[in-house]
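Protein chains in written order, with this note's numbering: chain A, 1 to 303; chain B, 1001 to 1121.
There may be inaccurate statements among the hints.
The following residues of chain B were derived to be distant from chain A, with all beta-carbon distances above 10 Å [said to hold, decoys possible]:
| hint | residue |
| --- | --- |
| 1 | Gly1068 |
| 2 | Ala1070 |
| 3 | Glu1084 |
| 4 | Glu1112 |
Selected chain B positions facing chain A (in silico; Cβ < 10 Å) [said to hold, decoys possible]:
| hint | residue |
| --- | --- |
| 5 | Ser1037 |
| 6 | Glu1079 |
| 7 | Thr1086 |
| 8 | Phe1090 |
Hints are computed from structural coordinates only; laboratory data are not their basis. Think of the CB as a built atom: it goes at the ideal place given N, C-alpha and C, for glycine as much as any other residue.
These are the residues of each chain, in order.
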Amino acid sequence: MDFNSHNRREFLQLLGTGVGGVVFASGLGQLSGCATPRSKSQAADDFYFVQLSDTHWGFKGPPNPEADVTLKNTVERVNGLERQPDFIVFTGDLTHTTDDADLRRKRMAEFKQIVDGLKVKPVHFMAGEHDASLDAGKAYQEFFGELHYSFDHKGVHFVVIDNVSDPSASIGEAQLGWLRSDLSKLDTQQPIVVLTHRPLFGLYPQWDWTTKDGDAAIAVLQNYQNVTVFYGHIHQEHHFKTGQIEHHSAKSLIFPLPAPGSQPKRAPVPWDPANPNKGLGFRGIDAQAGRGYQLAEFSIGKV
Amino acid sequence: MAASGPRCLIALLLISFSAFAANEASSAAAEQVIKISAKRFEYSPSVITVKLNTPVVLEFTSLDRTHGFAVPDLKLEAEIKAGETTRVRFVPGKLGTFEFHCNIFCGSGHEEMSGQIVVTN
Chain A
1 MDFNSHNRRE FLQLLGTGVG GVVFASGLGQ LSGCATPRSK SQAADDFYFV
51 QLSDTHWGFK GPPNPEADVT LKNTVERVNG LERQPDFIVF TGDLTHTTDD
101 ADLRRKRMAE FKQIVDGLKV KPVHFMAGEH DASLDAGKAY QEFFGELHYS
151 FDHKGVHFVV IDNVSDPSAS IGEAQLGWLR SDLSKLDTQQ PIVVLTHRPL
201 FGLYPQWDWT TKDGDAAIAV LQNYQNVTVF YGHIHQEHHF KTGQIEHHSA
251 KSLIFPLPAP GSQPKRAPVP WDPANPNKGL GFRGIDAQAG RGYQLAEFSI
301 GKV
Chain B
1001 MAASGPRCLI ALLLISFSAF AANEASSAAA EQVIKISAKR FEYSPSVITV
1051 KLNTPVVLEF TSLDRTHGFA VPDLKLEAEI KAGETTRVRF VPGKLGTFEF
1101 HCNIFCGSGH EEMSGQIVVT N
């Protein structure tokens, strides 16, 4: 199946160009569960948040010869957004993996110090396999807290699912039980946003772009009518739908990866000296009561 | 004539057993056993050629840590633990080249740990 063309054809409507980015409308995720015009009280519940992903702090190599400044420049870029978000999320791979436990912690400390420069608080973190798979999330938890958790913002329930601290990319029955319990108190029309690192569905298992027991999580989420998933891992924008659930991956902030199955190896897209930072970026998400989500893709290259 | 029943039954059982044993011997003889070592971040050999419709046993050993082996197109998956031999048995049912990869994160370079199974006539 050609996931890319399938996505674009069915799930996205190009609305126009934003400031430094492209704006898309998400067809689902109705915040009030219906498409009625917004009242003043609903409009008051509108909010905006930013998704940053796959910063891989500590990476060095030809795919990004400017890796030591990409994250710092991104922080400045977010701080300079005309519309400041209510909060910011990082969907994993904050740091690049290392076997050296001390170096892992050093990278996490440096990362934390850099993103501390973000003007907007709070910042919600989650782990990627590069952060958490080699030590079951031990160092990550020392710096960033729980691997899975939930929080609420203006009527939307946010759930962070950990599909990386088990190196085989399993969520595990214990966390699935927690997910069922966490959601059990919600009405089936409750708007839910899931934040995770890997795709929960089998996007391209040949490149390990999947979650081993992701189907079990999707089965739990299918009981709710307004669920949208934002994730990272694949270093590119991608949009897909399982049942009524939308899945949107974000660009990375280190190097882009090729489209799923477009070449034999999932090697990074080579750095283009004529167009530095090409393919890198972040996302603004405009949550509009009664009208779903609008996604604005911001590049960090020259625009 | 009363004794011919049991004698026939014994003869049938012997014939059946002989046929079963012959089949087992022939399967064992035809089985392709391929030894593969895994270490960060490669399999050796990384290209495995097998014959169509002939049983295959892949015998994995890890030289360093736990690795994975996954061939989504053939629905094969295994965990390769260091210090153990992990056997994956299958019968290739279709011609072609099928990618496999490590699906247990093993460090910086994990994404490059992959290979191919080539099924030929």
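Hint by hint, here is what the structure shows:
Taking the minimum C-beta to C-beta distance to chain A, about 7 Å, the non-interface status of Gly1068(B) is violated against the 10 Å cut. With a least CB separation of 7 Å from chain A, Ala1070(B) falls inside the 10 Å interface cut-off, contrary to its annotation. Non-interface call for Glu1084(B) relative to chain A: holds, since the shortest CB-CB distance, roughly 16 Å, exceeds 10 Å. At roughly 7 Å, the least C-beta separation between Glu1112(B) and chain A is not larger than 10 Å, which violates its mark as non-interface.
Checking Ser1037(B) against chain A by beta carbon gives a least distance of about 20 Å; that is not within 10 Å, so the hint is violated. For Glu1079(B), the interface hint holds, the least distance from its beta-carbon to any beta-carbon of chain A being 7 Å, beneath 10 Å. Contact between Thr1086(B) and chain A, as hinted, is not supported at the beta carbon level, the nearest pair being about 14 Å apart and thus beyond 10 Å. The beta carbon of Phe1090(B) is not positioned within 10 Å of any beta carbon in chain A (closest approach about 17 Å), and the interface hint is therefore violated.
The structure is inconsistent with the numbered hints 1, 2, 4, 5, 7, 8, although it conforms to all the rest.
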